[in-house]
Amino acid sequence: MTVRHETITVESHKSEETLDITPRVKAAVTRAKIQNGLVTVTVAHTTAAVFVNENADPDVQRDILTALERMVPRDAKYEHAEGNGPAHIKAVLIGNSVTLAIRDGAIALGTWQGIYFTELDGPRERSATITVIGD
Amino acid sequence: MTVRHETITVESHKSEETLDITPRVKAAVTRAKIQNGLVTVTVAHTTAAVFVNENADPDVQRDILTALERMVPRDAKYEHAEGNGPAHIKAVLIGNSVTLAIRDGAIALGTWQGIYFTELDGPRERSATITVIGD
Amino acid sequence: MTVRHETITVESHKSEETLDITPRVKAAVTRAKIQNGLVTVTVAHTTAAVFVNENADPDVQRDILTALERMVPRDAKYEHAEGNGPAHIKAVLIGNSVTLAIRDGAIALGTWQGIYFTELDGPRERSATITVIGD
Chain A
1 MTVRHETITV
11 ESHKSEETLD
21 ITPRVKAAVT
31 RAKIQNGLVT
41 VTVAHTTAAV
51 FVNENADPDV
61 QRDILTALER
71 MVPRDAKYEH
81 AEGNGPAHIK
91 AVLIGNSVTL
101 AIRDGAIALG
111 TWQGIYFTEL
121 DGPRERSATI
131 TVIGD
Chain B
1001 MTVRHETITV
1011 ESHKSEETLD
1021 ITPRVKAAVT
1031 RAKIQNGLVT
1041 VTVAHTTAAV
1051 FVNENADPDV
1061 QRDILTALER
1071 MVPRDAKYEH
1081 AEGNGPAHIK
1091 AVLIGNSVTL
1101 AIRDGAIALG
1111 TWQGIYFTEL
1121 DGPRERSATI
1131 TVIGD
Chain C
2001 MTVRHETITV
2011 ESHKSEETLD
2021 ITPRVKAAVT
2031 RAKIQNGLVT
2041 VTVAHTTAAV
2051 FVNENADPDV
2061 QRDILTALER
2071 MVPRDAKYEH
2081 AEGNGPAHIK
2091 AVLIGNSVTL
2101 AIRDGAIALG
2111 TWQGIYFTEL
2121 DGPRERSATI
2131 TVIGD
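Chains A, B and C are the protein sequences, given in the same order.
Going by this note's numbering, the first sequence opens with residue 1, and the numbers climb by one from there.
Going by this note's numbering, the second sequence opens with residue 1001, and the numbers climb by one from there.
Going by this note's numbering, the third sequence opens with residue 2001, and the numbers climb by one from there.
Worth flagging that the hints you see were computed from the coordinates, not collected in a lab.
One or more of the hints may lead you astray.
[What the hints assert, rightly or not] Pulled a few chain A residues facing chain B out of the computed Cβ check, cut under 8 Å:
id, residue
1, Ile8
2, Ile21
3, Ala27
4, Arg31
5, Glu54
6, Asp57
7, Arg62
8, Arg70
9, Met71
10, Leu93
11, Ile94
12, Val98
13, Leu100
14, Gln113
15, Gly134
Note that the structure is a prediction, hence the values are computed from the model and not measured.
C-beta atoms are modelled at their ideal positions from N, C-alpha and C, and glycine is treated no differently.
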C-alpha cells in the first residue's frame, strides 16, 4: 500500500468563485501510480470548500453560488465581526473535503462531474492537499 | 491491505426520492472480507447524492426532501437551462460521497442510521460505487 | 499498513452546541503511530453531525447554528412526530463524517481549523468513532 500527498496552490480572482481542479487531482493520482484506492482532497481554510458537480454548463456553478447567497444572505445578522460570517457558514454547508474512488488507475468520476475548489472570501492564494491511498 | 470496488445499480421511480442502500453496502463489505478499514460510497451523477440518516420513521426522509425544496425552491431563478438547476444545488448540499468506519467486520453505523441514495432529478437508472479499503 | 479505531464519548449540555474535539482526534492519530494516511471521524447518531471550521472566534460557531436555524426553522411543518425533525435535516446538511489527511504524523488542518462535534438535539451523551488508516 502507498500513501502519497501533494499540495496544490489555487489562486482565486473574485470574492466568490468555483475553480475546476479536476485535471490537477487526476495528475496527482497518476503520479502516485496507484491502481485502486481512494483520493481525498482537503481544504485547510475556513472560508473555502470543495465539492463535486457539473463540469459542462458553467451556469450550474453560478446557480450554486447564487443559491448559497439566498440561503445565507450577506445582509442577515452575524456575530462574527470580520464581515465574512456567511463564508464560514457556506463552507460548512459544502464541506472541506471530498473522497472519491480510484479504480483501475482512474478517479471514478461521472462524465459530467468535476472537482471544484470553492472560494468564498477571496480573492486570495489558497491551497489544497490531495492524498492518494491504495495499491 | 485490500481494496475492493463494487458498482451497484439504483433505480428511482420518482423525481425526488431517497432509497435505502444499507443492505447492499453491508453485503459489499462482507464480500470484501475486510475486518477493519473504511468504506466509501461514491455517486457519479450531478443530480443525485448520498447521505446517512434515520432508517426507522419514513417521515424523516420526506421531511428532508421538503426542507431541501424550501431552501432551494423550484420557482426561484436559475441560469441552467435544463430545468434541473435545483437538483444540482441540492446534490452539492448533501454531497456525492459518504465515508464510514468498518470495525470488526461491520460498518460502524448507529441503530437508527441507514445509507440513503438520493434521487433529485428522476426517475432514472443510476449507479453508485462502493469502495472498501482495509485489512 | 495499520488501521486503528477509537471511540470517544462526547457530552453535550444544550439542545444545540458545537464541541471542539480536535485535541482528541489529534491524540488518537498520535496513539496510532501513523505518519501518512487518512483519519475519518464518524458520528453514529441521526441528530448530531461533525464538521471542520474556525476555532478562533466562538462567534463563528454561534453564527453557524443561527444560520442553520434560519434555513431549517423550528416552526415550519415537519411530518416526523418526535419534534426533532429539524435536527435530522441539519445533520444531513452538515454531514455525519469528516475525512482529513495525515501528513508526517500530523493532521493536515489549517491554523484556524478545528473539528467540531455538533449536537442538534441535546443535551445527551454521544459518541464518535475515530478511524486512522495509513503507514
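- Taking the numbered hints from earlier one at a time, note which ones the structure violates and give those numbers from smallest to largest. As far as the earlier hints go, 1, 2, 3 and 4 are violated by this structure, in ascending order.
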